[in-house]
Amino acid sequence: MVRKFNILQIGGEDLEPIFHDKKNVYIDYLDPILFTFESGYEEAIENLIDEIGSFNLVFIQTTYSQELMKVIELVGEPYTIYVDEKYWDFQFENDPRVKYKFIKPLLYKSTDELHHKLKAGAFTKQYGDKVFPIKGEVSPSFEGEFEYLGNKELVLSGDFGESYTPIVSWNQNLVYDKNMMVQLWPEFFVEGNVDIQYVIRLIPFGSLEHTKDVITVTKDDLKQPLELMPRPYDANISIVVKAKGTGVVHLRAIHKRWSRAEMGQFIMGGQRYNDENGEEFIHYFNPGDLKPPLNVYFSGYRSAEGFEGYFMMNSLEAPFLLIGDPRIEGGSFYLGSETYENNIKKIIKEALEYLNFKEDDLILSGLSMGSFGALYYGSQLTPRAVIVGKPLVNIGRIAENMKLKRPNDFGTALDILMSQAGTFSKQNINHLNKRLWEKFKQNEVENTTFAIAYMQNDDYDDIAFDDLMSLLGESRTHVMTRGVPGRHNDDSATITSWFVNFYHIILNNQFGRE
Numbered sequence: 038m039v040r041k042f043n044i045l046q047i048g049g050e051d052l053e054p055i056f057h058d059k060k061n062v063y064i065d066y067l068d069p070i071l072f073t074f075e076s077g078y079e080e081a082i083e084n085l086i087d088e089i090g091s092f093n094l095v096f097i098q099t100t101y102s103q104e105l106m107k108v109i110e111l112v113g114e115p116y117t118i119y120v121d122e123k124y125w126d127f128q129f130e131n132d133p134r135v136k137y138k139f140i141k142p143l144l145y146k147s148t149d150e151l152h153h154k155l156k157a158g159a160f161t162k163q164y165g166d167k168v169f170p171i172k173g174e175v176s177p178s179f180e181g182e183f184e185y186l187g188n189k190e191l192v193l194s195g196d197f198g199e200s201y202t203p204i205v206s207w208n209q210n211l212v213y214d215k216n217m218m219v220q221l222w223p224e225f226f227v228e229g230n231v232d233i234q235y236v237i238r239l240i241p242f243g244s245l246e247h248t249k250d251v252i253t254v255t256k257d258d259l260k261q262p263l264e265l266m267p268r269p270y271d272a273n274i275s276i277v278v279k280a281k282g283t284g285v286v287h288l289r290a291i292h293k294r295w296s297r298a299e300m301g302q303f304i305m306g307g308q309r310y311n312d313e314n315g316e317e318f319i320h321y322f323n324p325g326d327l328k329p330p331l332n333v334y335f336s337g338y339r340s341a342e343g344f345e346g347y348f349m350m351n352s353l354e355a356p357f358l359l360i361g362d363p364r365i366e367g368g369s370f371y372l373g374s375e376t377y378e379n380n381i382k383k384i385i386k387e388a389l390e391y392l393n394f395k396e397d398d399l400i401l402s403g404l405s406m407g408s409f410g411a412l413y414y415g416s417q418l419t420p421r422a423v424i425v426g427k428p429l430v431n432i433g434r435i436a437e438n439m440k441l442k443r444p445n446d447f448g449t450a451l452d453i454l455m456s457q458a459g460t461f462s463k464q465n466i467n468h469l470n471k472r473l474w475e476k477f478k479q480n481e482v483e484n485t486t487f488a489i490a491y492m493q494n495d496d497y498d499d500i501a502f503d504d505l506m507s508l509l510g511e512s513r514t515h516v517m518t519r520g521v522p523g524r525h526n527d528d529s530a531t532i533t534s535w536f537v538n539f540y541h542i543i544l545n546n547q548f549g550r551e
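Residues in the sequence shown are numbered from 38 upward in steps of one, following our numbering.
Hints are not guaranteed to be accurate.
With a cut-off of at most 27 Å between alpha-carbon atoms, the simulated DSSO-like pairs for lysine-lysine come out as follows [as the list claims (entries may be wrong)]:
no., residue 1, residue 2
1, Lys154, Lys136
2, Lys41, Lys260
3, Lys60, Lys107
4, Lys215, Lys59
5, Lys478, Lys382
6, Lys107, Lys141
7, Lys107, Lys136
8, Lys328, Lys395
9, Lys281, Lys154
10, Lys136, Lys328
11, Lys395, Lys478
12, Lys156, Lys60
13, Lys281, Lys215
14, Lys138, Lys172
15, Lys107, Lys328
16, Lys59, Lys41
17, Lys41, Lys60
18, Lys260, Lys107
19, Lys395, Lys476
20, Lys260, Lys249
21, Lys136, Lys395
22, Lys260, Lys279
23, Lys249, Lys59
24, Lys471, Lys386
25, Lys154, Lys172
26, Lys172, Lys41
27, Lys281, Lys328
28, Lys172, Lys156
29, Lys463, Lys382
30, Lys440, Lys138
31, Lys59, Lys154
32, Lys141, Lys41
33, Lys136, Lys172
34, Lys123, Lys146
35, Lys383, Lys395
36, Lys442, Lys386
37, Lys442, Lys463
38, Lys386, Lys328
39, Lys215, Lys162
Note that these hints are calculated values from the structure, not bench results.
Let the sequences and hints guide you as you build the complete structure.
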């Protein structure tokens, strides 16, 4: 059964007709007059939630009242509640429930814009994919130098001419989805006196060469993702890059996502960050029950873009923060520029401050690639605990092990080695292996509990567990472990079960949560 996007409208003119073309939308209307003349409306709402599940969007077109706020307490998940700007006033602004549920006014200039914004985010699933630079074809007329660096980037250097000239086209198209707002994020940066344009053509399905729309954007237009408005047809997205001037052009993945406009990245309330070179991470903060600790989950390797672990972390009924890395093929182990890494630490600290928690009211966690993020940033912060499953800590060794231990499996490790270290030399492999250990040696971790579920025959990082135990033994910190027979991907279900079990043990023993 297809899950529906559930909307509750409170007040205003019934908006159900504007969703007639969206078969996945269920909308219910609540007349505010019931607050005055009906005593059983709260029970009726509770019964409705039992029947259909939670509401994905609550849209309010009525004035502030305590009765309204009681309804919001029943139906409203964080980030899902919007108030028509015409009704937004100081009473909404000053209510603490508005702060903790991240209730916002919905701004618009016309009725059409209002309807567009409400429809834009009305879908249940998140979706994102990408086309890699290795699929780019360099123009035969380009006389400069170029080099493909795996799935990381295509680098072109030289004199590109005095006017914009095509330099690269992609032999694999992205897809524009009918009636969806689609977001494009071309990842790139340039060096020297060079300017580039992305020329984006929408070619409807079934049309051999007929271009329906052409959008041209410059590098200055792409400081933020490009939003393509909904159109009534499916289409291929064909992309050509043009350049002029002299310098170096670094072309990386072109990301395509379903957009919720201002309502969130991937999911309601999701956010993104990119550094000066366009490298991203995504994050989502849920204040939960406002009681310690803050649980941070770093996503594992994920070729499909979007957030991982929402339902697992939400089930713990505590504040949580999701962090994801959509770079290269499925992530780059949360390593990046100084500004990139500092901003990951910044959003964790900001969430703690928002909740008014102490710096150790914190648990960092992750599975597989996410375990590196939890350990790496755990060594730089002061978490009460770090919980990891299938730990990966020696990234250079993961790439090195591909040749003999797991041929043709997890080749993205080679892209990460190239991205973070530059070449495949033994020196660079060792340097990348040291990234985590150097952070551990610079910081004290004896007050942090480490819970580790590991594969006993791991073929990605076969010495990760032994290395961790050796280092943590020297620190005299408290360690809990559970080994599971098999290689890295042989029994993810058991690892995840122990991962959640460790969470419950630590939440109970160290934070008094049942």
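Each hint, compared with the structure:
1. Lys154 with Lys136: Since the Cα atoms of Lys154 and Lys136 sit roughly 22 Å apart, the hinted pair holds (cutoff 27 Å).
2. Lys41 with Lys260: violated (34 Å)
3. Lys60 with Lys107: Violated, because 30 Å separates the two Cα atoms, which is more than 27 Å.
4. Lys215 with Lys59: holds (11 Å)
5. Lys478 with Lys382: Given pair Lys478, Lys382 holds - Cα atoms ~18 Å apart, limit 27 Å.
6. Lys107 with Lys141: holds (17 Å)
7. Lys107 with Lys136: holds (15 Å)
8. Lys328 with Lys395: Holds, at about 11 Å.
9. Lys281 with Lys154: violated (37 Å)
10. Lys136 with Lys328: holds (15 Å)
11. Lys395 with Lys478: Answer holds: Lys395 to Lys478 is near 24 Å, not above 27 Å.
12. Lys156 with Lys60: holds (12 Å)
13. Lys281 with Lys215: Cα-Cα ~34 Å, so violated.
14. Lys138 with Lys172: violated (43 Å)
15. Lys107 with Lys328: holds (21 Å)
16. Lys59 with Lys41: With Cα atoms ~10 Å apart, Lys59 and Lys41 stay inside 27 Å; holds.
17. Lys41 with Lys60: Answer holds: Lys41 to Lys60 is near 8 Å, not above 27 Å.
18. Lys260 with Lys107: violated (41 Å)
19. Lys395 with Lys476: Cα-Cα ~22 Å, so holds.
20. Lys260 with Lys249: Holds, at about 26 Å.
21. Lys136 with Lys395: Measuring from Cα to Cα gives roughly 20 Å; hence the hint holds.
22. Lys260 with Lys279: holds (17 Å)
23. Lys249 with Lys59: holds (23 Å)
24. Lys471 with Lys386: Distance of about 25 Å is within 27 Å: holds.
25. Lys154 with Lys172: Cα-Cα ~34 Å, so violated.
26. Lys172 with Lys41: violated (36 Å)
27. Lys281 with Lys328: violated (55 Å)
28. Lys172 with Lys156: Between Lys172 and Lys156 the Cα gap is close to 34 Å, so the pair fails against 27 Å, i.e. violated.
29. Lys463 with Lys382: violated (30 Å)
30. Lys440 with Lys138: Judged against 27 Å, a Cα distance of about 50 Å means the pair is violated.
31. Lys59 with Lys154: holds (14 Å)
32. Lys141 with Lys41: With a Cα-Cα distance of about 23 Å, the restraint between Lys141 and Lys41 holds, given a limit of 27 Å.
33. Lys136 with Lys172: violated (45 Å)
34. Lys123 with Lys146: The given pair, whose Cα atoms are some 11 Å apart, holds under the 27 Å limit.
35. Lys383 with Lys395: Cα-Cα ~15 Å, so holds.
36. Lys442 with Lys386: Cα-Cα ~39 Å, so violated.
37. Lys442 with Lys463: holds (17 Å)
38. Lys386 with Lys328: Since the Cα atoms of Lys386 and Lys328 sit roughly 16 Å apart, the hinted pair holds (cutoff 27 Å).
39. Lys215 with Lys162: holds (15 Å)
Hints 2, 3, 9, 13, 14, 18, 25, 26, 27, 28, 29, 30, 33, 36 from the earlier list are contradicted by this structure; the remaining hints agree with it.
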